[in-house]
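J.: Sequence:
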Amino acid sequence: TSLKKDATVVVSRDSSRAARMLKRAMIAGLNAGGVNVLDLETASVPLTRFHCRATLVSGAITLRLSADDPDSVIIRFFDRGGSDILEEQQRKIERLFTREDFRRVRPADIGDIDLVPRSLEQYALALEHTIDVKRVAARRFKVVIDYSYGSTSFVMPNVLAKLGAEVLVVNPFASTKGTLGFDRDEHAAQVAALVKASGADLGALIDPSGEQLLLVDDHGTVLTFDQLLFVFLDLVCDNLLGDTVALPVTVSRAAAEIVESRGYKVLWTKTSAAALMEEADSPAVGFAANLEGGIILPGFLPAFDAAAGLLKMLDLLAGRDVKLSELVAHAPSVHLLHEQVITPWEQKGTVMRTLVEQTHGREVDLIDGIKVHHDSGWVLVLPDPEEPITHIWAEGDSAGDARTLSQEYARRIRQMLK
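Numbered per my numbering, the sequence shown finishes at 418, counting up by one with no gaps.
Derived by calculation from the structure, the hints in this document are not laboratory data.
Be aware that a few hints might be false.
Unchecked claim - Keeping only pairs whose Cα atoms sit at most 27 angstroms apart, straight-line, the calculated DSS-like set for lysine-lysine is: (1) Lys348 with Lys270; (2) Lys323 with Lys196; (3) Lys142 with Lys162; (4) Lys162 with Lys323; (5) Lys418 with Lys348; (6) Lys5 with Lys92; (7) Lys371 with Lys265.
Claimed, not checked - For each label pair, taking beta carbons as the anchor points, the in silico distance ranges come out as: (8) His219 with Phe102: 23 to 31 angstroms; (9) Ser282 with Pro385: 21 to 29 angstroms; (10) Ala138 with Arg414: 53 to 61 angstroms; (11) Pro344 with Asp112: 45 to 53 angstroms.
Ideal Cβ placement from N, Cα and C applies to all residues, glycine included.
Put together the whole structure using the sequences plus the hints.
T.: This is the structure in structure tokens:
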């Protein structure tokens with residue numbers, strides 16, 4: 001109902017039977033409302049976003065089992081640019097669903113279903129165009145990749161074969177059972193062991209959705225998400241397409257120092273993936289990332305894509321002729337903590353208003369929640385949009401400073417709730 005009649009959307013799913021069943025039901029409902037469907041069948045989230053953007057449709061829908069609850073299926077909606085829809089659009093869809101305000105069309109106006117021809121080939125070719133294939137091939141990388149039983153394994157072999165890379169692959173097939181049992185730390189440890197044993201240049205862990213990337217250096221060290229971000233920033237600032245890097249307000253100030261020292265600007269964004277993607281779609285932004293392994297290369301796709309991030313890392317390492325471990329060794333150390341305070345829904349507004357009053361006179365950012373700057377660091381207080389929780393992020397000059405700031409604001413919030 002929120003789409004015009006005769007609009008077209010891209011639809012995909014993971015390998016689970018539950019997602020397959022619900023996808024078929026959604027396609028039937030879309031057709032009944034006069035909406036056409038391009039069915040990607042089983043596809044990664046980045047592939048779905050790519051074809052949403054490339055085919056100039058009205059949006060996309062992907063259905064996937066929840067990583068936290070195997071009895072639930074998550075339905076994600078993307079706009080015509082392939083980015084997550086914003087909260088106001090989500091609420092609009094929820095209101096229409098709750099009211100059962102569904103458009104029904106005459107038989108002659110029922111929507112059609114088509115497959116996307118050569119969908120994997122189109123995506124693989126576009127990925128190749130984001131890197132210097134000859135430069136990467138000349139480096140002759142040896143790489144360990146864990147696909148985590150996700151559908152990214154459908155497309156990457158075609159690209160990696162053209163790079164002349166020696167690849168050791170782990171879990172290279174789609175499996176619902178494997179996805180449900182996915183444990184990032186266990187998989188990362190396995191990749192690290194394989195990197196050491198094989199003498200690989202690096203290892204990569206791509207999560208089942210295809211959106212989050214984790215790297216292991218040539219010494220077998222698993223990079224933290226902070227280190228992953230710092231290494232990417234160090235490399236992409238050699239030749240940034242644009243003059244701005246977009247980062248969520250939870251990111252360490254050390255990231256801003258890397259970017260600004262190279263003559264570029266930092267655009268601070270809200271913490272949600274949708275907000276970061278919206279800013280990444282700006283022509284001035286040449287790179288964006290979060291602290292969960294989400295890498296955005298706006299020149300290719302203004303959304304998280306682990307495959308694109310891995311290929312770009314190989315390209316950048318080849319361009320500078322450096323080992324990943326050398327960059328990790330020079331990455332700054334940060335002291336960043338995250339804490340949660342249970343906060344009843346009805347008191348969230350009071351908490352935020354009181355904090356604004358208490359921090360009057362200090363340097364404060366209100367991009368998302370309230371970020372208060374102190375001499376020894378900063379604190380971000382942010383109410384959770386879905387749970388009765390208030391998040392506290394704190395960064396300090398030392399681990400003790402970060403802990404002190406975090407504990408102080410947690411104490412203030414708990415005091416307000418009494």
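J.: Please work out if Lys418 and Lys348 have their alpha carbons no farther apart than 27 angstroms.
T.: The hint holds at about 13 angstroms.
J.: Does the alpha-carbon distance linking Lys142 and Lys162 stay inside the 27 angstroms limit?
T.: holds (14 angstroms)
J.: Given the range 45 to 53 angstroms, decide if the beta-carbon distance of Pro344 to Asp112 lies inside it.
T.: holds (48 angstroms)
J.: Are the Cα atoms of Lys5 and Lys92 separated by 27 angstroms or less?
T.: holds (17 angstroms)
J.: Is it true that Ala138 and Arg414 lie within 53 to 61 angstroms of each other by Cβ?
T.: holds (58 angstroms)
J.: Should the hint that Ser282 and Pro385 are 21 to 29 angstroms apart at their CB atoms be regarded as holding?
T.: holds (23 angstroms)
J.: Keeping to a limit of 27 angstroms between CA atoms, is the pair of Lys371 and Lys265 held or broken?
T.: holds (19 angstroms)
J.: When you take the CB atoms of His219 and Phe102, is the distance between them in 23 to 31 angstroms?
T.: Check failed, 57 angstroms falls outside 23 to 31 angstroms.
J.: With a cut-off of 27 angstroms on the C-alpha distance, tell me whether Lys162 and Lys323 pass.
T.: Status holds; Cα separation ~21 angstroms.
J.: Does the alpha-carbon distance linking Lys348 and Lys270 stay inside the 27 angstroms limit?
T.: Within the cut-off at roughly 18 angstroms; holds.
J.: Take a quick look at whether Lys323 and Lys196 sit within 27 angstroms of each other, Cα to Cα.
T.: holds (14 angstroms)
Against the hints set out earlier in the document, a violation occurs for number 8 only.
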